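Trainee: Now for the letters of each chain:
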Amino acid sequence: MAILDDISATLQKGKKKALLPLVQQAIDEGVDAPTILQSLLDGMDVIGEKFRNNEVFVPEVLICARAMNAATAMLKPLLSEEDAKPLGKACIGTVEGDMHDIGKNLVRLMLEAKGIEVTDLGVDVPADRFVSCVQEEGCQLVCCSALLTTTMPAIGTVVEALETAGLRQQVKVMVGGAPVDQTFCDRVRADAYTPDAASAARRAVELLEELTA
Amino acid sequence: MDMKNWVAQTIAGKEKRALPVLSFPSVQLLDITVRQLISSSDVQAKGMAAIAERCPAAAAVTMMDLSVEAEAFGAQVSVSEREVPTVIGAMLAEPEDADGLAVPAVGAGRTGLYVEAVPKARALIQDRPILAGIIGPFSLAGRLMGMTELMVNCYDEPEMVETTLEKATEFLMAYAMAYRDIGADGVVMAEPAAGLLSPSMMEKFSLLYVKRVLDAVQRDDFAFIYHNCGSAVEKAGPQIASLGAMGYHFGDAVDMKTMVEAMPPDALVMGNVSPVREFAEGTPESIRAAVPELLAYCGSYPNFVISSGCDIPPHTPWENIDAFFQAVDEYYGR
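Chains as they are written, first to last, in my numbering: chain A, 1 to 213; chain B, 1001 to 1334.
One chain only, chain B, in its complex shape (with noise of 0.2 Å):
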């Protein structure tokens, strides 16, 4: 698909359809549990599509599992029937073990399942964009240093910080590329680590090697998307708007219109319902209240588009994910 002519045609568009990062919660409409979700690209693809089939998105978005990276690294990894998977323990605890550490082929660990997903999904899924989630250098960087170490090794051992984020941008290039290859439209990089930065440290840290990759892979026809939930974006507004990426993405931690203002207009801009105290814990009332109330905030923005703030969890309850697209189609008249 032409993203780039997406991107501006969504934007010249009167009525915008919401695009949250929506896929967890299909393990409801399936019936089946999370660990059966992340172990089979077929039922990725079908989960996909029940959500497609159910909700008016802009774009399909494969499994926000931000472990999968790490895994293929060789991090460990708790896997639950509720609950996304995370990795657990540190694999990183000197400066030789970043040296030494390797670099994963893509279809290491769960990554080739992951990746095997997107044409199963293009399958099933014709009338919308697919979009691919990855993890961020830097929040990689954290999930194999740990996450204290990782922040306290940027002022201790930067060498080994940067050893580290080497690698993970030379695995994430590979893996983004590989999503294009196989017919994604696009890439959205989760980066919520690098958003507890500060705008300096976030650029030497994170962005530069964001930005490599968003070189490496974005095209016509490949968006790459930026997200970060972290409280401290507001500050490296125009750090992240230098990326260049096609669209931007952002959580309920950040005032929504001054990070669209901080954009360029002709990139997408979205956010920022809050998945947690709406989505999952909100009722379909307070939904209906939250999402006029943004667009009416943000909504004179032609390139601002409604999202959920972040991932939204698996069992959140579909009447608030329904009532999240009912009040988007009332508030453009649909």
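If we strip away everything but chain A, and leave its shape as in the complex, we get (with noise of 0.2 Å):
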């Protein structure tokens, strides 16, 4: 269908106040809004893809994320309840001592453009805000990010904390940042590392789709 192939190469260009007429036009036509979303999420798929692949770069997958944010806040309304209903929740944040937020905004609006529903706790938050959230919202995920090296076993200790509470068994955590890595994950006995944003909304899915196994 021609209007959802130019509804996803616009999404694909970033460009926010082009998309949302185009939306508007595929609804008057009368192409039902779970279609109109799936060709926002496959464009929002190429645009992973090519940033996995240093095709495209940070700002690109900025204004493209917002540009499927606000096309899907236009959808919701026309959504049935199952299929509005979010494929998740998860809460994210910098650790505690560490003011860091590209990359954790980067993967917050890449979360979204998966369908999850995403609490941002910002930046410096402590081990029992992260827990708090996960109580108060029922997040399935926590995505804990630091830039320092002195601020990454701030990341074991919202692991802990989650552990101290009880809900280490119903939550999956993720974690990411420059001095991050495998090796780290697996020794703060988190679930999931992953080196940049666009493999973080594909692994979030994946533990997504675990926990409802």
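Read the hints as simulated data drawn from the structure, not as lab findings. None of the values given here were measured: they were computed from a predicted structure. One should not assume that every hint holds.
[Said to hold, decoys possible] With a straight-line Cα cutoff of 25 Å, these simulated SDA-like cross-link-like pairs (lysine to any residue) come out:
| # | chain 1 | residue 1 | chain 2 | residue 2 |
| --- | --- | --- | --- | --- |
| 1 | A | K13 | B | E1162 |
| 2 | A | K17 | B | S1198 |
| 3 | B | K1235 | A | E55 |
| 4 | A | K17 | B | E1157 |
| 5 | A | K89 | A | L41 |
| 6 | A | K17 | B | D1156 |
| 7 | B | K1014 | B | D1221 |
| 8 | A | K15 | B | S1198 |
| 9 | A | K15 | B | D1221 |
| 10 | A | K85 | A | L20 |
These two chains come separately, so use the hints to put the complex back together.
Mentor: Have a look at this one:
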């Protein structure tokens, strides 16, 4: 369908202002909302793949994800309760002592673009704030970011706080940030490390599927 | 010092000295906090001298503190005892904020203190060049505007970004000039945020401005070294190479051989042992393995100089740093 191709192509250029009228046009032409949503998700998958391959870069992913989220918000009232239900819930934050946020913001946008409801706890987030968010919002994913070697251990503190609160079995912990790697992930008993935002979004979907299996 | 000749001699020499970005670990040698180190030019000079005495590095490097310039513009900075200072919050939300942004004089905030550290270090270190660390214009703009906002504004508000870059460049030119006037042998300009951009955007929003600073300050007795530890630089090799810097320095997110081959053969190309995975989190054994591996990979290029991929964190174990220099000496048969 030409309009869906246009929607996907416009999304991939990150042109929010041009995308929203196209989404409206598709709605007016009688295309059902889940089909439109799928064309958007497919477009974001293309962007995610290009990002992993160094064909598009951080600014392009940011504006695409922003356009995706605006279009999704437009479709939400038209989706059935089942279709509108988020894929899962996540909380995300840069750990205590660390003020860096671009990686965290990028992952948040990519998770949202996958249909995951995300509570952004911001930067310099103490471990107990992650715990209370899981308790209050029912998050299944806890995403922790750190950019500094000195703040990396705070990711382990979040894992321990979740264990102490008896929540560890019901959540998956994802970790990321420049100094973080798989070895560190294993050491702090987190569930997943991903090197970039697109991989994080893809892995988040897999983890949610594992939790519901 | 004749830095043009120093570069040529380094390239011609068979046994090269390493040039890691090594300054903050001096806190351990002096048994002080990072807060103390960044608050005194005397202490910084002593720290550089302590490193120079212990490490056979090709040059001494001042603190790579990328909060200093933004703080001079009025940004709020978080200072801790153990970590390099970080800018918090954002000063520029709207285009009017960028229009009204005042360019500070060199000396504002801690910039005067950092400049003063150079002659004090020179009095203690005579056997190698002294290079001063400064931030790049795009990375400075990110600290003033917020990094995520800057990235989006490159599309949404390019004029606001350009206004900010103009002012950042004006300041950086004066700041680099102050280092030259006071006796530094060069600057290492760190522009990591631009390493997240596509080559065309990197050229438009970063390299054009970097080039203006470079052209204003680089001369035979003052080297300009361009550092970018972002992952996207591999794609921007030709654009970066055209800067005309005396040296280039890259991080461990890129393939070092690709970058050496992309840069001019008469410029030093430095990198890229991981500052976190090897220096901070590795072991002497892992570093002794990583150094010959990288030198076997890139050491045949006469202009390659082994280095850390970025600034070495303050509390990196000194046994790892010592192992790095020992491994370099062993490779070159010293």
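Trainee: Next, verify each hint and record whether it holds.
Mentor: Hint by hint, here is what the structure shows:
1. A:K13 to B:E1162: 22 Å, holds
2. A:K17 to B:S1198: 23 Å, holds
3. B:K1235 to A:E55: Status holds; Cα separation ~9 Å.
4. A:K17 to B:E1157: 14 Å, holds
5. A:K89 to A:L41: 18 Å, holds
6. A:K17 to B:D1156: The hint holds at about 11 Å.
7. B:K1014 to B:D1221: Holds: K1014 of chain B and D1221 of chain B sit about 23 Å apart, inside 25 Å.
8. A:K15 to B:S1198: 17 Å, holds
9. A:K15 to B:D1221: Violated, at about 48 Å.
10. A:K85 to A:L20: Roughly 21 Å separates the two Cα atoms, so the pair holds.
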